[in-house]
Amino acid sequence: AMTVHERFRKFETNQWYRGQQTLNSQFCMVVKDGNWLAIRGQTGHDLDGNFHGLGDAAEQTEQAIRNLRTLMTEAGGRFEDICKVKVWVTDRAFIEPVHRVLAERLRGIHVVMNTVCINGLARPYMNMEIDVYAVIQDD
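Everything in the sequence shown is counted per my numbering, starting at 14 for the first residue and increasing by one.
Accuracy of the hints is not assured; some may be wrong.
As the list claims (entries may be wrong) - Below, computed lysine to aspartate or glutamate pairings styled on EDC-like, alpha-carbon distance capped at 16 Å:
1) Lys-99 <-> Asp-144
2) Lys-97 <-> Asp-144
3) Lys-23 <-> Asp-61
4) Lys-23 <-> Glu-87
5) Lys-23 <-> Asp-59
6) Lys-99 <-> Glu-109
What the hints assert, rightly or not - Have a look at the derived ranges for each label pair, beta carbon to beta carbon:
7) Arg-20 <-> Asp-104: 29 to 35 Å
8) Cys-130 <-> Gln-39: 19 to 25 Å
9) Val-17 <-> Asp-69: 36 to 42 Å
10) Gly-133 <-> Glu-109: 18 to 24 Å
11) Ala-135 <-> Asp-69: 15 to 21 Å
12) Gly-121 <-> Asp-151: 18 to 24 Å
13) Arg-20 <-> His-123: 25 to 31 Å
14) Ile-108 <-> Arg-20: 30 to 36 Å
15) Thr-83 <-> Asp-46: 25 to 31 Å
16) Asn-37 <-> Phe-64: 19 to 25 Å
17) Leu-36 <-> Arg-113: 32 to 38 Å
Derived by calculation from the structure, the hints in this document are not laboratory data. In this text, a Cβ means the ideal position worked out from N, Cα and C, and glycines have one as well.
Model the full structure from these sequences, guided by the hints.
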């Protein structure tokens with residue numbers, strides 16, 4: 014039998030970015046297939062599109078974590094279901110503040126993680142992004 018993917022918080026980029034671009038791509042925040050969750054990369058943008066932590070990579074990470082908690086709950090998961098975190102930073106100087114927040118918020122979960130330093134993200138004011146995969150545990 015073919016599984017049906019559930020897609021949470023569908024949106025179009027021309028609405029999300031409010032005139033900053035006109036690609037009109039269609040995305041969603043979470044795709045759920047059975048117990049597997051693929052979650053859109055999270056940054057300092059809240060789930061209404063407002064940015065938090067300008068110039069503060071740690072606060073951007075805190076906002077990304079707040080988003081993840083909400084999105085995972087909406088998709089029927091728990092924060093503890095996170096399996097892999099990919100961390101993207103735009104400068105090596107941001108690794109430490111981002112990882113300090115992640116170490117505190119992910120304590121006890123023991124995720125798989127990798128960190129990549131890149132030249133830039135979708136918006137120049139974004140210092141970090143986290144990309145998360147999760148598998149909902151059967152109780």
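Check each numbered hint from earlier against the structure, then list the numbers of those it violates in ascending order.
8, 15
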